[in-house]
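The residues making up each chain are set out below.
2 protein chains.
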Amino acid sequence: NRLLITTGSLQAIHILARAFIDPGDRVLVENPSFIGALSAFRACQAELRAIPLRGDGMDMSLLAKELNSASPQPKFLYYAPNFHNPAGIIYSMEVKQQMIALLRGRNIPVIEDDVYSDIWFDEKDLPEMMNLKAMNPEGIDICFTGSFSKILGPGLRLGWMLVPEAIYRKCELIKQSIDACSPSLSQVLADKFIRSGEIYRYTARIREEYKNRGETMIATLEEHLPEYVTFERPRGGFYTWLQLPKGTDTTIILKRAIEKGVVFVTGKTFDPAGVQNDHMRVSFCNTDAATIRRGIPLIAQAIREIIEK
Amino acid sequence: NRLLITTGSLQAIHILARAFIDPGDRVLVENPSFIGALSAFRACQAELRAIPLRGDGMDMSLLAKELNSASPQPKFLYYAPNFHNPAGIIYSMEVKQQMIALLRGRNIPVIEDDVYSDIWFDEKDLPEMMNLKAMNPEGIDICFTGSFSKILGPGLRLGWMLVPEAIYRKCELIKQSIDACSPSLSQVLADKFIRSGEIYRYTARIREEYKNRGETMIATLEEHLPEYVTFERPRGGFYTWLQLPKGTDTTIILKRAIEKGVVFVTGKTFDPAGVQNDHMRVSFCNTDAATIRRGIPLIAQAIREIIEK
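Respectively, the protein sequence lines represent chains A and B. Mapping of the first sequence onto the working numbering: residues 1 to 309, in sequence order. Mapping of the second sequence onto the working numbering: residues 310 to 618, in sequence order.
Wrong hints could be hidden among the right ones.
[Unchecked claim] No more than 27 Å apart at the CA atoms, straight line, and that leaves these computed lysine-lysine pairs for BS3-like:
| # | chain 1 | residue 1 | chain 2 | residue 2 |
| --- | --- | --- | --- | --- |
| 1 | B | Lys555 | A | Lys170 |
| 2 | A | Lys65 | A | Lys133 |
| 3 | B | Lys555 | B | Lys501 |
| 4 | A | Lys260 | A | Lys246 |
| 5 | A | Lys192 | B | Lys501 |
| 6 | A | Lys255 | A | Lys268 |
| 7 | B | Lys442 | B | Lys501 |
| 8 | B | Lys501 | A | Lys268 |
| 9 | A | Lys246 | A | Lys65 |
Don't read these hints as lab results, they were simulated from the structure.
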């Protein structure tokens with residue numbers, strides 16, 4: 001395996017997309033899925049095949065069905081194991097074991113996008129969070145992408161991929177033609193921060209802060225949301241993913257919410273087909289606990305006003 | 310016109326290439342041309358049509374011929390007006406006027422890559438160096454690309470494009486799918502450096518240093534080169550472009566030079582067809598005057614040993 005430093009992890013995904021996809025090729029993604037990855041795959045004119053997410057990861061029976069029926073086979077599977085954006089979930093070990101069993105022998109690489117895994121709330125989740133790259137399953141190429149954006153800040157534009165040698169060689173050439181190399185200033189800063197050990201203290205501190213924000217959000221949502229809105233309680237990361245009654249159009253709720261001074265991201269943003277809109281992503285990344293306590297009741301109000309009208 | 314900040318000017322060229330080129334499309338480039346641009350265009354599967362450079366710019370009669378015979382018309386013309394890499398030349402005002410006359414009414418945008426223009430040796434060259442973007446010719450879209458790499462350092466990865474609104478909109482979407490945005494740390498640093506005025510003092514200082522290196526190189530080349538090697542005296546930038554006797558293979562000379570402890574870049578690196586190899590690019594960018602005085606005689610020796618053997 002080789003490490004390639006990239007200008008943010010999105011660039012790592014973009015480069016892998018260019019390395020694997022010819023126009024019209026199929027790729028497997030989650031529904032919902034990270035919008036940045038979807039854009040990168042769309043820019044390569046991939047045909048996106050979406051596997052629905054459940055509370056513990058992709059629906060494995062639907063993945064099996066897709067793999068058995070897909071012809072031609074997909075060029076890769078893209079997934080985010082921990083504190084999924086937007087779904088907020090962790091993949092269970094059982095689901096990951098099933099993924100390995102399903103993918104083995106098929107020559108379908110996995111792009112494993114694990115940028116939130118430092119932002120856990122409870123260390124007892126750590127064993128469950130082990131990524132495929134660390135599990136190192138025989139016979140499956142795992143292209144791991146990571147980032148300093150969620151810990152040190154997105155403005156550094158400092159990400160990486162850890163990939164098998166043959167894939168690295170293709171990606172290095174693509175990287176050269178995109179922006180030659182990544183900012184050295186950011187790399188020097190991150191290097192010092194890591195070597196000094198300061199990164200561990202700092203990460204522990206921001207973990208506490210995000211945990212406080214996340215738990216405040218969970219408590220406020222549980223207090224204010226109508227009972228017909230459900231969600232998985234996030235165990236880390238930045239996001240909560242609210243399921244509204246089937247068929248709800250959250251774009252209408254968003255307009256009402258904006259009038260009240262709050263925003264969220266509508267569900268269809270993360271749907272590979274750009275259609276399903278009965279979820280909303282609520283973020284506790286950039287909002288302190290007091291603001292969350294003020295904002296969530298306004299979102300709950302907007303939901304009630306539209307749905308119960 | 311809109312300004313898009315990019316992760317180095319190479320990324321600006323890469324994004325413009327993606328915006329304009331479909332596989333198989335023709336694009337007009339110089340011979341010799343900047344290798345980074347050639348890679349970006351090749352990555353989009355462009356068909357490169359090369360117009361030879363002379364001492365004052367592209368050969369205008371060959372550009373006219375190409376434009377009149379080309380079918381389908383090229384998607385854009387890429388050129389570097391000042392202190393060309395590798396040719397070291399400045400485009401004359403006359404050639405730029407002819408370019409404007411030839412391109413007008415053809416709907417062929419120009420990518421004007423002007424990253425060396427701060428590194429002039431003599432301010433009397435400034436009027437001649439005015440770029441097409443500043444001349445603002447009616448009816449021709451000029452996509453200007455610039456960079457802080459040659460003044461503040463390439464590790465900042467801080468470049469930009471200044472392009473018409475419609476082109477900007479396409480490029481912005483492509484930029485988002487490549488790396489979302491450019492390093493904010495670099496932008497903050499450059500911004501402070503500019504607003505404080507320090508950039509003008511600093512640029513004046515490095516200009517003096519590069520002028521000293523460039524003039525040392527010219528003097529040392531004139532003293533040591535055999536009379537069958539010719540070159541245009543650079544008036545700025547980082548490069549001298551040596552013309553060896555027609556048909557010379559500079560790769561053989563490079564091997565001999567490496568044995569002596571000096572390097573240069575062979576001509577075919579910059580040939581869009583990757584063939585013509587009877588030039589060499591000698592750089593005075595990263596080498597102080599004393600090292601230049603020591604190195605050039607070794608290159609001259611290597612040339613003599615291979616050509617006069």
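Decide if the proposed pair is consistent with the structure: Lys192(A) and Lys501(B), CA atoms, cutoff 27 Å inclusive. 23 Å, holds
Does Lys133(A) sit within 27 Å of Lys65(A), going by the straight-line distance between their CA atoms? OK: Lys65(A) and Lys133(A) at ~24 Å, within 27 Å.
Hint check: Lys260(A) vs Lys246(A), CA-CA at most 27 Å. Holds or violated? 24 Å, holds
Just to be careful, I want the Cα atoms of Lys555(B) and Lys501(B) compared with a cutoff of 27 Å; is the pair within it? 50 Å, violated
Does Lys268(A) lie within 27 Å of Lys501(B) when you go C-alpha to C-alpha? 40 Å, violated
Please work out if Lys255(A) and Lys268(A) have their alpha carbons no farther apart than 27 Å. 15 Å, holds
For the pair we were handed, Lys442(B) and Lys501(B), check the Cα-Cα distance against 27 Å. 26 Å, holds
Starting from Lys246(A), check that the Cα of Lys65(A) is at most 27 Å away, please. Holds, because 24 Å separates the two Cα atoms, which is no more than 27 Å.
Need the status of pair Lys555(B), Lys170(A): alpha-carbon distance at most 27 Å? 36 Å, violated
Going down the numbered hints, you'll see the structure goes against 1, 3, 8, while the others check out.
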